[in-house]
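Can you build the whole structure from these sequences, using the hints too?
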Amino acid sequence: MSFLAELIGATLRNATPLLYGTIGETYSERAGILNLGIEGTMYAGAFFGFAAAATTGSRSMGLLAAIVVGLAAGALMGLLTVTIGTNQHVAGIGTTLGLIGISEYFNRLVFGSGEGLRRIEPYPPWEPFGPDNLFSQYGLTYVGFLAIAPLAWWVLGRTHFGLNVRAVGENPEAADAAGINVARTRYAALMIGGALMAVGGAYFTLAALGSFTLDIIVGRGWVCIALVIFGRWRVWRGVAGALLFAAVYALQLRLRILSEFEAIPFELLLALPYLVVIAALVVSGRNVAYPGAYLKPYRRD
Amino acid sequence: MSNWGRRLRLGTGVVAITFLVTVPFLLLAGVNPFAAYAQFLFDPLTSRFGLLEVGVASIPLLFTGAAVALAFRAGYWNIGAEGQLLLGAVAAAGIGARMEGMAAPMALLLTIGGGALAGAVWALLPALLRVRFHIDEVVTTLLLNPVALLLVEGLLNGPWRDPVTRFPESPRIATGAEMPVIVSGSRLHLGFLLGLVIIVAAGFVLSRTRAGLELRAVGLSPEAARFAGINVARTLVVAALISGAIAGLGGAGEVTGIQYRLTGGLSAGFGYTGIVVATLGGLRMGGVALVALLLGDLTVGASSAGRALGIPSQAGDIVQAAVLLVTVAVVAVNRYGLRRRRPATVGAEP
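Sequence order for the protein chains is R and X.
For what it's worth, my numbering labels the leading residue of the first sequence as 1, then goes sequentially.
For what it's worth, my numbering labels the leading residue of the second sequence as 1001, then goes sequentially.
Calculated from the structure, these hints are not laboratory results.
Heads up, a few of these hints could be off.
Stated by the list, open to error - Below, a list of computed lysine to any residue pairs in the SDA-like style, where the Cα atoms sit at most 25 Å apart:
| hint | chain 1 | residue 1 | chain 2 | residue 2 |
| --- | --- | --- | --- | --- |
| 1 | R | LYS296 | X | ALA1217 |
| 2 | R | LYS296 | X | ARG1284 |
| 3 | R | LYS296 | R | PHE161 |
| 4 | R | LYS296 | X | SER1221 |
| 5 | R | LYS296 | X | VAL1131 |
| 6 | R | LYS296 | X | GLU1223 |
Said to hold, decoys possible - Ranges between beta-carbon positions, derived for each pair:
| hint | chain 1 | residue 1 | chain 2 | residue 2 | range |
| --- | --- | --- | --- | --- | --- |
| 7 | X | ARG1307 | R | ARG119 | 27 to 35 Å |
| 8 | X | VAL1015 | R | LEU79 | 18 to 26 Å |
| 9 | X | ASN1003 | R | GLU173 | 27 to 35 Å |
Every residue, glycine too, gets a C-beta built ideally from N, C-alpha and C.
Structure below.
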């Protein structure tokens, strides 16, 4: 396989979890809620997806468990920020800390202290054109790019529900006056978003790696938050941002094996994509217009 | 005083709800929740060693709690205390190892001063991006946390790896750069007093000085502060830098007082816990000190519960997150009810 084809293939693989996470966060934020619970939701999706697959022997059960965990995480954010109306930064950080704590707690309880010893047989890639070409990708990658992204774009931009989500995120008073149930719509956006984030996390354990480690997400949730801003709350621009991060990530993976880069510890190259995202924000994230009701709890008069 | 009565009622509610939401996790581990909480909260307080360890565990939280509270009071959402703490640790390990032959107080001062400076430097970029380009500091401070972690791992697996044992540990710092132990026969070091001094100083500056007043004004309403002639951008950058420096000191304290070198597990998420400390402390320095001690107690208690009852020590993390979320929820319900009353002004509510 040519260098370029390998690079594109690796880019699509690495972009997949970010695609799910970024679209999930886009839904939350378009409804007016900053969901900093994303890092923990991806982490819990990775762990509970893995744990369910390992204990039942079925990857589908793993995926289902991740979705349920993601829905629950979204509902928790809804309870805190919609029903109760707490500060969204604190609610999100607390949710992330709680979900990471719960995941690691059950990891010790179920698998003991030997971290990373358990493995499952991960999803094999789909290979419509045989092995070793850039179409050899995991099902979750195909579903993400060919089904979830276009569907998410269509629902948000072209359906009644999507219009409601945008309305409660821009101007909840007007939406309320127009008869839209603000709370229910925000819950729905948060829960859909949470499910997508958790599937993004489960991609690591169920497809890419087949095992769970404590540093499995390392800030990719935070990357998704940045990509949403980079994409200015549009689904496709967020996906483009995910591809950008993943391309730099794939590039540094290639650089590592070159002799010129032998002296550089690989962790420093690993940090490169995060810095590129910050640079991308400087280029494309300046003075952006946030959703009108961003960070504001809605309380009826 | 009805105010105290109200607080007591709220506090009781928080404790009861936190207990209820964490009970299922403890039951799933097959332990009696009451026994578990007795271990978490009271066991460390029953021995001299335990009490001193509570102090040790609270030291990094005093720093990160103060750092986060100060920034939040300015309306600057520094969620990057974790990265700033790690950079402080990196700088302290780097400087401290080169202090051989330097007289003791000077070596320590240079080492922790370097840590504070490194923390401030790590906090500078997000602050500049915020005031120059209106790029949300939440995102940039968060993104720099994994970068700092990767920097630590890169140094430990690369140039700083022990050449003999091949352990991922940096060279030991010079003895002159070590924080003195303040209670003999324990690990409680001078960093504890330094943390308290920082908290008292930050509290004084916030409540008694013009700079503190300006900082709080910016946090309450940047527009009003601007009208009042306050340089909002400068105030935010200064708040971010001081916040970063305090977090960096926290990292330097762990290196010079506990580990004596840079290690991979140096921070158990102290920067993120700092957000919990600051929020539960009501963004007040007295509250920060109190909550740092409480969470220090919980940390020591959770690890002793791990040994005594055989439950994962991460139970402490679950309790910590639960108490944070329950507290902000109870406070918000008490203030606004459940989505019923008028919207309150959105601002720097904790």
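Each hint, compared with the structure:
1. LYS296(R) <-> ALA1217(X): 20 Å, holds
2. LYS296(R) <-> ARG1284(X): Satisfied, since the Cα-Cα distance of roughly 24 Å is no more than 25 Å.
3. LYS296(R) <-> PHE161(R): 21 Å, holds
4. LYS296(R) <-> SER1221(X): 15 Å, holds
5. LYS296(R) <-> VAL1131(X): 22 Å, holds
6. LYS296(R) <-> GLU1223(X): Given that 25 Å is the threshold and the Cα spacing comes to 18 Å, the pair holds.
7. ARG1307(X) <-> ARG119(R): 27 to 35 Å: 29 Å, holds
8. VAL1015(X) <-> LEU79(R): 18 to 26 Å: 19 Å, holds
9. ASN1003(X) <-> GLU173(R): 27 to 35 Å: For ASN1003(X) and GLU173(R) the Cβ distance comes to about 33 Å; the hint holds.
The structure shown violates none of the earlier numbered hints.
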